[in-house]
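Participant: The primary structure of each chain is shown beneath.
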Amino acid sequence: MRTSRLERIWIYFLVVVFMLFFTFPIYWAVTTSFKSPDRILTLPPEVFPYSPTTDNYNEVINNNQMGLYFLNSLFVAVSTTIVSVLIAALAGYGFSRFRFRGKYFWLYLILAIRTVPGLVFTLPYFVIFDKIGLLDTLTGLIVVYITATLPLAVWLFVGFYDKIPTDIYDAAKIDGCGQLQMFGQVALPLVVPGIVVTSILNFLAAYNEFGTALILIFSDNNKTLPLAIAGLIQLQKDTPFGTLSAAGTIAIIPAFLLSIFAQKYLVSGFTAGAVKG
Amino acid sequence: MLKITKYQQITRYQRRKRFELAPYLFVLPAILFIILLAIIPILYSLVISFQSYRLGAPDSAIRFNGLDNYIKILSNPTFIGSIGWTFTFAFISVSVNLVLGLSVALVLNHRVMQKGFKIFRSLFILPLMLAPVVSAIMWKVLFAAIYGPVNYVISVLGLPSVSWIGDELPAKIAILVIDIWSSTPFCVLIFLAAFQTIPTDLIEAARIDGASKSTILFRINLPIIRNFIALIVSIRVMDALRVFDSVIVFTNGGPGNSTETIGTVIYKTAFRYSDIGGGSAGAFIFFVIIVAFTLIFLKLSSRNVEV
Amino acid sequence: MSEQSKQRLSRRKFVALTGGILVTSGILAACGDNTATPATSATTAASGTATTAAAGATTAAATTAAPTASAAPEVFGIKLKDLDSGGTLKGQYAGKKLVFVTADGDLTTAIKEVIPYFQKVSGATVEMQTFPGDSFMEKVQLDLQVGHHFDGMAMPIANLHGYAYANQIQDLTPFTTGKIASPNLDMADFVPALLETYGKYQGKLVALPYKPDVQLFFYRKDIFEDPKMQAAFKAKNNTDLKVPTTMEELKTVAAFFTKSLNPDSPTDYGFSSMGSKSNSRWNWTNRLGAYGAKDFDATTFQPAFNNDGGVKALQDVIDLKKYAPKEWLELQWDNGNKLFSDGKVAMMEQWPGLYIISQTDTSPVKGKVGVAVTPGGSPTLGGWGFAITSTTKEPELAYKFIEFLSGKDMQLLMVQHTIDPTRTSNYNRPEVASSNPVYPVLFKSFAAGKILADVDIPGLVTKLNDVEELYVQSALKGDLTPKQALEKMAGDFVNEVKAAGLQK
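Residue numbers (our numbering), protein chains in the order written: chain A, 7 to 283; chain B, 8 to 314; chain C, 3 to 506.
Honestly, the hints are just simulated from the structure, not real lab data.
The beta carbon of each residue, even a glycine, is placed where N, CA and C say it ideally should be.
Do not take every clue at face value.
[To be verified] Straight-line alpha carbon distances no greater than 20 Å define the calculated SDA-like cross-link-like pairs of lysine to any residue that follow:
| id | chain 1 | residue 1 | chain 2 | residue 2 |
| --- | --- | --- | --- | --- |
| 1 | A | K137 | B | G88 |
| 2 | C | K324 | C | L263 |
| 3 | C | K490 | B | I49 |
| 4 | C | K368 | C | D228 |
[What the hints assert, rightly or not] On the chain C side, residues computed to face chain A include the following (Cβ under 10 Å):
| id | residue |
| --- | --- |
| 5 | V148 |
| 6 | G149 |
| 7 | I358 |
| 8 | Q361 |
Construct all of the structure, not just a fragment, from the sequences and the given hints.
Facilitator: Pasting the structure below:
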């Protein structure tokens, strides 16, 4: 069945419309990052920077310790992603593959965590982390982010494992696979789209988190990018739209590269052949 | 023949023995995290919700005050007033999320887009990537009075400019747009991943049988990924009901209190107004509302599946 | 066959992915190392300056290794002399450490400018911990209650008063009157109004004034001085065109400069300010004092605005709507200031920061802006102060640090980071007074200021700010009459004060 010309045009049209909506604020941020302060609030608004400048980037890169904050954020986000995806992949497998006492209790309890407003955690984290020495550490942030990303990750994995036909497991059993092999060599390769999508979501959630970082981090050396970027805005001072946008644009780069890298696996992960069994 | 039976017996025996512990080993790490870093803090806050815990008051003033916090927050007109708008908001936001997310995912998954356009998939999830503090500022600029591009376009079209933060309806629309913009990419991602679980041979078979595209979509694709749709709905409903950032940054609840959500009211109570006990009480009332809502939703949706 | 190869393929892809993750985690480990290195190097650098500073103190002060920290600096051509708090800092705090907190931005930069000098003469190390201005109050309050990590802080005045009420910050009197005080402290030199409103609270000295802030009246000097305008104004109103000092004058002049009321007006709008939720109450508090009303009674915490004066003040604000931009209720810091800087507005009430913004090279009103005390003569006071926590383990050192920061000469170092002085002597230095045309008016406005920008009732600052905003907004929108709005506002005040247990 070939795609008709009309359908092709319709698809392109839709892509353009959707693109406009989803990327326009980003476009505005990127172009703003190349504008000088007096060209930012103008009438009519400048859709394209007429006299582009790299001043904002120079200021962001030279001022502050942006490099350090950047590494801190990457460290936190990557650690969170690896640990959280690993734990969720295990748990998702456990919940999907087995029947055991308390299975649904725990499964729904994990989901229910996500309905709890963040402020419930603020004071307890502050008090408890202060007592056990996790306050003002990146480890403290990572542990919180792992917990916060688990509910969605576990449920996603359950969804993906559920799609694996049981005869695949049975076949593997006949081949003499043990529990861990079954998980690592049979189930996990079949949920690559799940791993990819969970990784992207967890990475971005940890990479951009602000509220908990504000409460748990004290010293300059432990700050993450969102904290540092928010710090560019001063009370009773002009909002530095240009430098903010420049910092935001730089911060997007690793996330963007990750998603391009990961998309490759998202497209072709779940092979039709494997499902045929 | 005999050999095989023996083999099966052995595995069955092993299975029974090992399987008792195995499932718990798989789920244990996750459960440990949840208990230590979610359940314990929640219980801690639950205790606080029954105390007169105010920041800035001496420690000696902190004592149990029974249901006072709960009664107080329930008699707070702003809190009660925020419930209706929060649910309206969640309903509209999640509905648009689903329709828009599915449309974008279908377009991206279309064979026309398969070759050479993969980068588009990454472009569509850009809203998830931009630091929220920056995207909030950008939306403020876009919707700004006088200098905002949105109002500029409106005035070019010859229409009167809109007061996006000053009037109730425009403020609500703007908050919805901002939230939909930032949350739909999540749905797109999950739809895209979910599509990967649809066996291609099934669709090929349907095509050969002459099924139309909409039939394939509604009769084959969507039913196969219904788990994922349910997941998107429940996660998004939870997140939308907790809506906080887009409101605080854009209108701070105004004009008046008309865009205050449950999330903003309890946050303000706890941290801006320093009444942590009261804020926690509000949070638990909110939690109960959501759980009740979710149970009703699950009950209704499972009935639908049976039909 | 094909199945198998596909399966293998997917497995290979999986291996590649895990490989990718491992590689990333390898990079990650490297990241961890990297983060550790600059961190340690930063601390060594800090202690490095401390040691060189100490060395510099014992040997000749001519070491050029760290020029900013060693040579006596000059500001406005004034050579700074008092670099050791009158000889009271002699390296006696060597090895000790202070943690000082404030909001990100200029407030931090200015203090960081002074820290090397303090470290040099005291021997102590000072670590600044700073947070985004929007949300740092929650964090500081939380830490004061349960964390106790801070020794000192620079915070908005109303917050400091709340901490003082809760005994979370110390009375400074024992230090300022004690033996360790600098001979150059000169408490009488602080602008009396600032020391009185910022520093003194319930019979204690709880803060030293850091950053003064007061609402100013900005106007277009060029059009006020234009003979044609003056003639036209005289013809129309039968009085001379002058900078308004009363509400009646303000309304007349504003009407004259509003295009919709006077087609010949050179500006679109006669009057502007920030009218959006969270800023609009200052329009009202700027007038409240002129009618002899106040926001609340300082001893009973009961509202003091629900009277004729309050109603008149609020009615004035509603009257100003006629001359203000139609987007007034949406104007915040950025777009409000931009409108004035673009030359669309004749007169504007704003915090002092507007002056610098209107004087950038590309501004159409550069060199055309005049400053005066707000009409009615009772501008709203903002401001920040220094305080030391009750739980600090180094109270003496913490005091010496904020005393050092408040030194006459040190204030000059901070001026370049937009922190205006709080000492009379600095406003009297001709070099300082001439450096910024705003200063003489700023100085006058401090004395005229009566009401604080934040409702200064302990623990209820944000709540009552929000209450004021809610009802000022509803009066401005016409949902409530001024009288109704103030009655409701007063009702909420009374309830909140009662609920917080502050009623006497």
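Participant: Could you run down the list of hints and mark each one as holding or not?
Facilitator: Structure-based check of all given hints:
Simply put, K137(A) and G88(B) have alpha-carbon atoms about 39 Å apart, too far for the 20 Å limit, and the pair is violated. Between K324(C) and L263(C) the CA atoms are separated by roughly 9 Å; this keeps the pair inside 20 Å, and the hint holds. A distance of roughly 37 Å separates the Cα atoms of K490(C) and I49(B); the hinted pair therefore is violated under the 20 Å criterion. Taking the CA atoms of K368(C) and D228(C), the gap is near 16 Å; set against the 20 Å cutoff, the hint holds.
At about 5 Å, the closest approach between the beta carbon of V148(C) and any beta carbon in chain A falls short of 10 Å, and the interface hint on this residue holds. Interface restraint check: G149(C) against chain A, minimum CB-CB distance 6 Å, threshold 10 Å, status holds. Interface hint at I358(C): satisfied, since its Cβ lies 9 Å from the closest Cβ of chain A, which is below the 10 Å cut-off. A cut of 10 Å between beta carbons decides the hint on Q361(C): the least distance to chain A is about 12 Å, and the hint is violated.
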